[in-house]
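Student: What follows is the residue order along each chain.
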Amino acid sequence: MHPLTDEERAVYEWQMWSPGFGEDGQRRLKNASVLVSRCGGLGSVVAYELAAAGVGRLVLAHAGVVKPSDLNRQLLMTHAWLGRPRVESARRRLLELNPRLDIVAVQENVSEENAAGLVAQADLTVDCAPLFSERFAMNRQSVAQAKPIVECAMYDLEATITTVVPGRTPCLACLHPSEPPQWKREFPVFGAVSGTVGCMAAMEAIKVIAGFGDPLLGRMAQIDLRDMSFRTFDLQRDESCPVCASA
Amino acid sequence: MQVTVRCSGQLRAALETSSLGLDLPAGTTVAEAIAAMADDHGARIRSMLLDDSGAVQRTLVVAVGSAQVTDPTAHSLADGDTLTVLHPISGG
Numbered sequence: 000m001h002p003l004t005d006e007e008r009a010v011y012e013w014q015m016w017s018p019g020f021g022e023d024g025q026r027r028l029k030n031a032s033v034l035v036s037r038c039g040g041l042g043s044v045v046a047y048e049l050a051a052a053g054v055g056r057l058v059l060a061h062a063g064v065v066k067p068s069d070l071n072r073q074l075l076m077t078h079a080w081l082g083r084p085r086v087e088s089a090r091r092r093l094l095e096l097n098p099r100l101d102i103v104a105v106q107e108n109v110s111e112e113n114a115a116g117l118v119a120q121a122d123l124t125v126d127c128a129p130l131f132s133e134r135f136a137m138n139r140q141s142v143a144q145a146k147p148i149v150e151c152a153m154y155d156l157e158a159t160i161t162t163v164v165p166g167r168t169p170c171l172a173c174l175h176p177s178e179p180p181q182w183k184r185e186f187p188v189f190g191a192v193s194g195t196v197g198c199m200a201a202m203e204a205i206k207v208i209a210g211f212g213d214p215l216l217g218r219m220a221q222i223d224l225r226d227m228s229f230r231t232f233d234l235q236r237d238e239s240c241p242v243c244a245s246a
Numbered sequence: 000m001q002v003t004v005r006c007s008g009q010l011r012a013a014l015e016t017s018s019l020g021l022d023l024p025a026g027t028t029v030a031e032a033i034a035a036m037a038d039d040h041g042a043r044i045r046s047m048l049l050d051d052s053g054a055v056q057r058t059l060v061v062a063v064g065s066a067q068v069t070d071p072t073a074h075s076l077a078d079g080d081t082l083t084v085l086h087p088i089s090g091g
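In the order they appear, the protein sequences are chains G and L. The first sequence begins at 0 in numbering that gives the first Met the number 0 and counts up one residue at a time. The second sequence begins at 0 in numbering that gives the first Met the number 0 and counts up one residue at a time.
A few of these clues could be false.
To be verified - One-sided and incomplete, this derived list gives chain L residues near chain G with beta-carbon spacing under 10 Å:
| hint | residue |
| --- | --- |
| 1 | Gly-8 |
| 2 | Ala-13 |
| 3 | His-40 |
| 4 | Gly-41 |
| 5 | Ala-42 |
| 6 | Arg-45 |
| 7 | Met-47 |
| 8 | Thr-58 |
| 9 | Val-68 |
| 10 | Thr-69 |
| 11 | Thr-72 |
| 12 | Pro-87 |
| 13 | Gly-91 |
The hints are simulated quantities; they were obtained by calculation from the structure and are not laboratory data. Please read all numbers here as calculations on a predicted model, not as lab measurements. Every residue, glycine too, gets a C-beta built ideally from N, C-alpha and C.
Turn these sequences into a full structure, and let the hints steer you where they fit.
Tutor: Structure below.
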């Protein structure tokens, strides 16, 4: 494991004061890689917080170019970058924050075809995809490769988060065995909502990588910013789950 | 008995409320409570709650109190329970 440099100790000093994290936790982050699937409203903030916290390598998967309708929430996209690749805008913004960061920028969304290769490049995935087909592809590969995946999602002023550790917790297919028929890619969203959830998902990833705190293993947090309620539900594995039952 | 149902996501948006009360016979199961809720509303809500066979949609995460219920036909509700129906969301 690569040690911290003096510069890194100076940058991360205040978070290393956190009980249970310390310099060992910081070293783990430095030596870790995280796949962030789509850098939209949620993924932008996940990537930004992981970059700020000192994760060593980010694999960013996001197709398309920056559009005006991205700019209310996708905080790694800028007005000056309209019409140009989103993932390049994300790379530039992240390196401004953390020039030590190693970034693999992939101008593709996750699919059945590329999921195995993308998941293989990281120790952990944070799933911020707006389509269940992408989420299911990442879930299958995370289970197959025995890698944790933070599942975070939002709709309007609501959000859910759970962390999947294959073999220990329910996976996404345990919770939703098939594609929900009503879900559509376009949904109401404030940047303040996706940003809130993005910060929480980033913290889940940091806890799992550094091995401290109490991640949402086998639990789902449901957040409703309309009335500021936070609830946690205990989840169960589906013993007949076609994805993880044998994991 | 009185049961409170909390709804989320697109289901909440379609119902135009996050919470509603149901007056149900003692011993009603989670599946029966959700079917009763479907009966109180139109076809759109029904399709969000139940599949074509009338069973609770497998894509829903259903909980009583803070515990997920994986077999809604086997779990009986008690007076004062809160039944949460989490409609699947995937916004990023």
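Student: Against this structure, judge whether each hint is valid.
Tutor: Against the structure, the hints:
no. : hint   : in the structure
1   : Gly-8  : 5 Å, holds
2   : Ala-13 : 9 Å, holds
3   : His-40 : 14 Å, violated
4   : Gly-41 : 14 Å, violated
5   : Ala-42 : 13 Å, violated
6   : Arg-45 : 12 Å, violated
7   : Met-47 : 6 Å, holds
8   : Thr-58 : 4 Å, holds
9   : Val-68 : 9 Å, holds
10  : Thr-69 : 5 Å, holds
11  : Thr-72 : 15 Å, violated
12  : Pro-87 : 4 Å, holds
13  : Gly-91 : 4 Å, holds
Hints 3, 4, 5, 6, 11 from the list above are not met by this structure, while the remaining hints are.
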